[in-house]
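For chain A, the structure is supplied; the task is to place chain B on it using the hints.
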Amino acid sequence: MSTGKNDKMNASECPSCGGNLTRSSKSIYDEDEEEDIEVPLALCVQCGAEYDQHTGEFYSIFADDYTYDVDSSIFSLGLKGELNGTEYEIIGHIRYQEEDEYEKSTWDEWVAVSSEGTFCYFVEEEGSVFSYTDYIPESIDLESNPEKIEFEGKYIDREEGYGGRLVYAEGELPWQPEIGEYSLCFDFKKDGVHYSIEQSEDEVSITKGERVTYGELIRIFNIEEYKDAYESTVNKRKNFRNRGRVYKLGLLVSILLSFYSCFSSKPVNGIMNQRKVFAVNSPMIEDNKVMYRSQVLYGPFDVTDTGSLHAIKVRVDESIQRLTREWQSFRLMLIGKDRFENRAGEKMTDPAYLSTLFKTIDSLEEPLESYTVEGDFWDEDGYDSDGYWHESDLSAESDFVIDSDGKYYFYLELYSQKPRNHEAVVISMSKVMGYRYFIVIAVIFLILWAINSVRSRFYNELPFEMFRE
Amino acid sequence: MESRICTSCGAPLVIRNRFSKVLVCDYCGTHLKIDGDTLTISGRFPKLAGFPSLFSTGASGTILGKSFSILGRMRYRYDGGYFDEWFLDFDGGNAWLTEDEGTYTLYSDLMESVDISEIEPLRAGQNFLLGEKKVMIKEKGRAVVDGGEGELYFYVKPGTGITYIDAVSEGKKVAIEYSDEEIEIFSGRPLMKRDIVVSGGE
Chain A
1 MSTGKNDKMN ASECPSCGGN LTRSSKSIYD EDEEEDIEVP LALCVQCGAE YDQHTGEFYS
61 IFADDYTYDV DSSIFSLGLK GELNGTEYEI IGHIRYQEED EYEKSTWDEW VAVSSEGTFC
121 YFVEEEGSVF SYTDYIPESI DLESNPEKIE FEGKYIDREE GYGGRLVYAE GELPWQPEIG
181 EYSLCFDFKK DGVHYSIEQS EDEVSITKGE RVTYGELIRI FNIEEYKDAY ESTVNKRKNF
241 RNRGRVYKLG LLVSILLSFY SCFSSKPVNG IMNQRKVFAV NSPMIEDNKV MYRSQVLYGP
301 FDVTDTGSLH AIKVRVDESI QRLTREWQSF RLMLIGKDRF ENRAGEKMTD PAYLSTLFKT
361 IDSLEEPLES YTVEGDFWDE DGYDSDGYWH ESDLSAESDF VIDSDGKYYF YLELYSQKPR
421 NHEAVVISMS KVMGYRYFIV IAVIFLILWA INSVRSRFYN ELPFEMFRE
Chain B
1 MESRICTSCG APLVIRNRFS KVLVCDYCGT HLKIDGDTLT ISGRFPKLAG FPSLFSTGAS
61 GTILGKSFSI LGRMRYRYDG GYFDEWFLDF DGGNAWLTED EGTYTLYSDL MESVDISEIE
121 PLRAGQNFLL GEKKVMIKEK GRAVVDGGEG ELYFYVKPGT GITYIDAVSE GKKVAIEYSD
181 EEIEIFSGRP LMKRDIVVSG GE
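Each protein sequence line maps, in turn, to chains A and B.
Going by our numbering, the first residue of the first sequence is number 1, and it counts up by one from there.
Going by our numbering, the first residue of the second sequence is number 1, and it counts up by one from there.
Simulated from the structure, these hints should not be mistaken for lab results.
Some clues are possibly wrong.
What the hints assert, rightly or not - Each computed DSS-like pair below joins lysine-lysine, with the alpha-carbon atoms no more than 25 Å apart: (1) K148/A with K172/B; (2) K134/B with K154/A; (3) K208/A with K133/B; (4) K208/A with K172/B; (5) K208/A with K134/B; (6) K148/A with K173/B; (7) K134/B with K190/A; (8) K133/B with K148/A; (9) K154/A with K172/B; (10) K134/B with K148/A; (11) K208/A with K173/B; (12) K134/B with K189/A; (13) K189/A with K172/B; (14) K208/A with K193/B; (15) K190/A with K172/B; (16) K347/A with K276/A; (17) K431/A with K266/A; (18) K173/B with K190/A; (19) K154/A with K173/B; (20) K190/A with K133/B; (21) K66/B with K172/B; (22) K148/A with K208/A; (23) K80/A with K193/B; (24) K133/B with K154/A; (25) K173/B with K189/A.
So here's chain A without its partners, still in its complex pose (with noise of 0.2 Å):
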């Protein structure tokens, strides 16, 4: 067995001409990113030979910015305790760096040894931890398909294999290990049981697994620093997680209330059925441009259901009317009729009265509308580099609450720069349900489940990692 620590293994001589190496970097073109990038590498002083994080020189300058967490794990060296009827010792420690990452993407095995005589390898990823032992296969055949391996009958894609790269070492290990050596990996379930092969140059390694959760591991060799930090880690955990699904199913009664409320609601009929017209495309001139405006009263109405959301929608109805390559500005007012009567009096028949009560509507001290809505309708065509692009808005929403039930009247005035059909434009008018409200409490709900969620997952009282148990 051998025995080490990193700085004994470290060898940074470059290969060719035995040259000191040293940091270095250079510019790549990242496919993903679609930019460059910066990338270490190892760079020869003297002959200026440069070794990429695929060749062990790489290791041998910059292991160690791959194990500044490697003393946070549950493991150490002299751990003892008995797995699954075998007494373990751990006696040695290695770390892998996946080699195709720029970044620090490293997995721990831990080896321990029975007084059996067999070892037993954990390893330790992500918090999650697997204890391997060796395993002979029925059948094995690593090279005979170019794409694939095959394993007692199944047949893993070459692709799911991944690199791995020694950067550190610690203890006794059953071989002598050396930075930046190489490892060819492939992790897979067989009929439910995990198998893990390593292919180095030299050997290949055939280990069958099962995880092991750091409860076991604090059981198994009796750690009792841990055990009230993993309690208390795990109990809040469980915490979260109920909370979760108590918000979880909160979402999904929100989710479902919001969209009962869309398709809840009921209309408000009667609203064009009488219409008072007080002009049609006249004419009038702003800002040096002539355009054309219309004024038209729609009702009275029944508006019922005081203190209910109200949606109006007004819209262009092209089966009337094409909007194309023009533009039209629309002005709706809600008007109550008692507001109104007072206001008119007598003359709520007078047509020219009530022409020059809404052409002056604006300048009234006292509002006679009780909700307004303003829109532009409009249609655009043309070219650019794309080739032609056509876009338009033909229609306009808005939501409000009725203070009060009773007759109502809308009046709709229209602006085009061409005369158009002022029947082209119809109005509608309908109670809603507060499908928003149940949105912004959906919303509230999915922020705690979110919250909750990742705490169930991360809280954590231990100085190591630890996935869900």
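Just chain B now, kept in the frame of chain A:
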């Protein structure tokens, strides 16, 4: 069991296995080649250092419930240290037990009828046919024979380099040891310490 006299020092010797090729004199350390009734001196080498082990030459007991007695051993030196090969009379036949850093592997099935034409090109991860068996090489390495003791039915002179191959085939371990003069191929299985009961010794 045959009684002989060491041709080097005259000490009394016993041959217990008819397949043994070499006998190491326990008194003077001379390696004696067994050629019918004749013992020819192959060389005189230092005795092996006594590392702690379950086994010793002449010890007996059971492995997996079957009786064994130890005839002799050879020790090899390689990059990782040393390993011993214990030659056994196991359940009425020959077997060899490898002890390496406290791990044990029993090779009890001698593959006599197979041959390997070229061993140098073989490498870890490669599959090849051994007779009719498809074998995958787990490890290939070089070792040097450090010495021997007792009766040996696979013999390479101390100081000689050998190529060893650890392989797997059909759920079994396969061990190949190859020198210019000898090639031995066994298949077997790993043992746990609890599989071995040593009950007696000389």
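Each hint tested on the structure:
no.	hint	result
1	K148/A with K172/B	23 Å, holds
2	K134/B with K154/A	16 Å, holds
3	K208/A with K133/B	23 Å, holds
4	K208/A with K172/B	15 Å, holds
5	K208/A with K134/B	21 Å, holds
6	K148/A with K173/B	24 Å, holds
7	K134/B with K190/A	21 Å, holds
8	K133/B with K148/A	21 Å, holds
9	K154/A with K172/B	19 Å, holds
10	K134/B with K148/A	18 Å, holds
11	K208/A with K173/B	16 Å, holds
12	K134/B with K189/A	23 Å, holds
13	K189/A with K172/B	21 Å, holds
14	K208/A with K193/B	20 Å, holds
15	K190/A with K172/B	19 Å, holds
16	K347/A with K276/A	14 Å, holds
17	K431/A with K266/A	5 Å, holds
18	K173/B with K190/A	21 Å, holds
19	K154/A with K173/B	20 Å, holds
20	K190/A with K133/B	24 Å, holds
21	K66/B with K172/B	19 Å, holds
22	K148/A with K208/A	20 Å, holds
23	K80/A with K193/B	18 Å, holds
24	K133/B with K154/A	19 Å, holds
25	K173/B with K189/A	23 Å, holds
Consistency with the previously given hints is maintained throughout, with no hint failing.
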